[in-house]
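So the protein sequences, as listed, match chains V and X. Sequential numbering from 673 applies to the first sequence in my numbering. Sequential numbering from -3 applies to the second sequence in my numbering.
In short, the hints are calculated from the structure, not lab data. Don't be surprised by glycine CBs; every beta carbon is placed ideally from N, CA and C. A portion of the hints provided could be inaccurate.
For the chain V half of the interface with chain X, some residues (derived, Cβ under 8 Å), not all of them [stated by the list, open to error]: (1) R799; (2) Q861; (3) Y864; (4) F875; (5) W876; (6) R883; (7) M884; (8) L887; (9) N930; (10) Y934; (11) H936; (12) G937; (13) P938.
Residues per chain are reported as follows:
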Amino acid sequence: MQFGIFSVGDVTPDPTNGTVPTEHERIKAMVTIALKAEEVGLDVFATGEHHNPPFVPSSPTTFLGYIAARTERLILSTATTLITTNDPVKIAEDYAYLQHLADGRVDLMMGRGNTGPVYPWFGKDIRDGIALAVENYALLHRLWREDVVDWEGKFRTPLQSFTATPRPLDGVPPFVWHGSIRSPQIAEQAAYYGDGFFHNNIFWPVEHTKRMIELYRRRFEHYGHGTADQAIVGLGGQVFMRRNSQDAVREFRPYFDNAPVYGHGPSLEEFTEQTPLTVGSPQQVIDRTLTFREHFGDYQRQLFLLDHAGLPLKTVLEQMDMLGEEVVPVLRREMDALRPAHVPDAPTHESLKAARAASAAAEVEA
Amino acid sequence: MTRRSLVVVSAGLSQPSSTRLLADQLAAATRRRLDADAEPVDLRDHAHDLTNHLLTGFPAPGLERVLDAVAHADGLIAVTPIFNASYSGLFKSFVDVLPKESLVDKPVLIAATGGTARHSLALEHAMRPLFAHLRAVVVPTAVFAAPEDWGGGATAQGSLAARIERAAAEFAVEIERREPPVVVDPFNEPTPFSELLGGSS
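Taking the hints into account, I'd like the entire structure generated from these sequences.
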């Protein structure tokens, strides 16, 4: 099982003292956090993509290329890559290029983006969100798998005899996750391709998340990629830890109360009860995260949100130490012990490359 | 015909509330004509959860049960106090978090209370268009209760009672001529991908 963190890349004032990081400070903080992820033994760092303030990560492959050069093991991913407003040709090129630089340590999570005004800046319309996600990904999927593509669709200039370069590393396209919180169409899309499905459950009740994941699993089996319990599922998590759970609650409350997403709404107590947010001791985080498996089945990737709501970098790094030293080793051991043998790990470049070699060998024998 | 279900939403703020009293009388008059259960919902009890839903995008468990009940109900009785010439903000917040299409073709009886009879047309210029927008079937008689309607004992008398009976009769007929609503679950019946892919290659 893979564990990691995902960052939205928001520039948010620290509500306890009004400090606002500059864009430069925030970008450098994201670098520090990504490097720390490898240092504390996490498997994945995923960056958001945004093209509007107060967010900094507008250029994910620039960022991930830099991280690739300074890490050895960490899988570089996105949360999410905007499949709606980006040109699928550019996504094909950028991430294949990144694959080469990172020696395959790359996957992506597709998302639509939910900010209406962003779409027209890129010549698109949010009302076409699902249709864009479907058509653009269909093209991207072919660009990574076919050397020469002729293509015509509704949203983009047609392509004739087009070859996306560089070709994916070892002929293996990056593994793709599709992220969606409440669109059954995207769970359907992930299932159709046999891709991964990531539910960013952090702001949502378990019952809702369950229905989305059950739909994806059922349709994954329907499309012949394996049994429902072999579908590739990723989940979010949102935690704040201190040794003593009362200290965690006291310290996190002002950040919660003023957080951009849910601030000034439900109380911290209501929100921790209704969503996966866990504010407490490392043991409480372990216990809560283990319930995800009970609710959603054995799953392959767990990403935590730690750097948001104006939390200082120092605090975030302390959280990462606890995550890496106390939480993830236990979760890894427990989840691996509980997972039946027929449930696969999340695909990596190496596993996909081996699978490709095996199927090529099988073809030669046949 | 199987037993029908009514949800009776009242946006009154005080306790006891004349808005709730009017809602109860409308429900009782309907049930005299129709074999139905009536679930009363005081929006006051869900006021915080309504705000939280607007901010977080999901309902707390108690509010979710109410929203489900509305979607599955055979008919909705909706009663609001009139504030500043329209439905109250609390009432509108509730309407704003109703899941899409949950009122399509649903019989709705609208009613309101107010401090003066001069507000009675708010039912026609605010409530009725709101529900028309949601493609509900609003019965022709809308019931407004002003202070003078309640009389000394706070019970419906005279013309208010007549209006309640007429509205309930219209409402019961609209419910009876319909099959119970079918609530489509997009998570159980996804649009197949071939259909989503449509014409694109």
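Which earlier hints can't be squared with this structure? 1, 9
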